[in-house]
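Visitor: Chains as they are written, first to last, in the working numbering: chain G, 1 to 192; chain E, 1 to 147.
Note that these hints are calculated values from the structure, not bench results. One or more hints might be untrue.
[Stated by the list, open to error] Computed list of lysine-lysine pairs in DSS-like fashion (alpha-carbon distance at most 30 Å, straight line):
1) Lys43/G with Lys106/E
2) Lys106/E with Lys37/G
3) Lys118/E with Lys37/G
4) Lys126/G with Lys114/G
Quick caveat: nothing in here was measured; it's all calculated off a predicted structure.
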Amino acid sequence: MQKAMRAIGVCCVLALTISNLAVTAMAAPTERYIHIKVNDSSKGESVNVNLPLSMAAAILPTVNKGTLHNGHVTIGAADFNGVDVRAILQAIRTAPDNEFVTVKEKDQDVRVAKSNGDLIVHVLDKSKDGEKVDVTIPMKVVDALFSTAKENELDVAAAVRALSDAGDAVLVTVQDATEHVRIWIDSHSSAE
Amino acid sequence: MVLLGKVALGIAGTALAGLGLICSEGMIEVNVVEKQPEVHHVYVLAPAMLVPIATHLVPSRKLGRASAEIRPWMPTIRAALEQLRAGEDLTLVELREPGQHVLVAKSGGSVVVDVTDKDDIVHVSAPIRAIESTVEQVAAASSETQD
Chain G
1 MQKAMRAIGV CCVLALTISN LAVTAMAAPT ERYIHIKVND SSKGESVNVN
51 LPLSMAAAIL PTVNKGTLHN GHVTIGAADF NGVDVRAILQ AIRTAPDNEF
101 VTVKEKDQDV RVAKSNGDLI VHVLDKSKDG EKVDVTIPMK VVDALFSTAK
151 ENELDVAAAV RALSDAGDAV LVTVQDATEH VRIWIDSHSS AE
Chain E
1 MVLLGKVALG IAGTALAGLG LICSEGMIEV NVVEKQPEVH HVYVLAPAML
51 VPIATHLVPS RKLGRASAEI RPWMPTIRAA LEQLRAGEDL TLVELREPGQ
101 HVLVAKSGGS VVVDVTDKDD IVHVSAPIRA IESTVEQVAA ASSETQD
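One chain only, chain G, in its complex shape (with noise of 0.2 Å):
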């Protein structure tokens, strides 16, 4: 009788310990943070910028200037060109991993893809000191910025939240002859 009476209060033990763990890794979700570094090595100069992404999706709702409103931005018909961009998402979405567009010209690369559930763009210009850009948005982002109702709206803190959700990703990389820019998101404060 005591032994089972010393086991059930272990049980209990054990029992609260992992109730409690459970409910402090529940309440307190890891911040995230997004970087953005710029290097200049020509002229020895250097920008940091790391910001919480819960900041950002809290501020951007609140600024009414230009072009954002509540967290959205509104694109005007003729930065579209005519091209139906949801649609092509949509297409895009639904299509499994590929390369979609591959242009190859005397000055320039172009390269768009579909890879492990992120958009890639990768762009080398070859007349400007090399200069190449790889872009790599989670789909889920793309999906966030599009969710707005209205045609010609972003939804940019909508993206910002899906970017909270997303893991570890280098999201935009910038190099030519002097300059590296780089844009992050982790779940550290500092860029180091």
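Starting from the known structure of chain G, arrange chain E on it as the hints suggest.
Guide: Frame of chain G, contents of chain E only:
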């Protein structure tokens, strides 16, 4: 003699409590070192609570322009400060170029700005709560001016 001691103890206690109240919102620290042409050093350490009080004492018309400009941005400022206060310490912006270093960070409930260049070293640290109170005071002055 005992009565005098009690009175002295009361005064000292009140002064200490007042000091504690004034310092309850933290301290604002300003440290400026001019390196050229002559070395000057200015150091100010003041209770943060005094700043919104001082702002309150400034006539509204003197704050009119600043408050009119800051008012449309109040929801954004409130959201940013609230998130900043709740978040952990971090470096928000760091800029390095030859001869210059600028750092904006959140550290221990305060916003810290450090600027170092070949002529000056500037360090400013202000508690977020004091910044909130001061900005609210400035924004409120706008409505008083417009009324």
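Visitor: Hint by hint, say whether it matches the structure.
Guide: Evaluation of the provided hints:
{"no.": "1", "hint": "Lys43/G with Lys106/E", "in the structure": "28 Å, holds"}
{"no.": "2", "hint": "Lys106/E with Lys37/G", "in the structure": "18 Å, holds"}
{"no.": "3", "hint": "Lys118/E with Lys37/G", "in the structure": "24 Å, holds"}
{"no.": "4", "hint": "Lys126/G with Lys114/G", "in the structure": "24 Å, holds"}
In this structure, none of the earlier numbered hints is contradicted; all agree with it.
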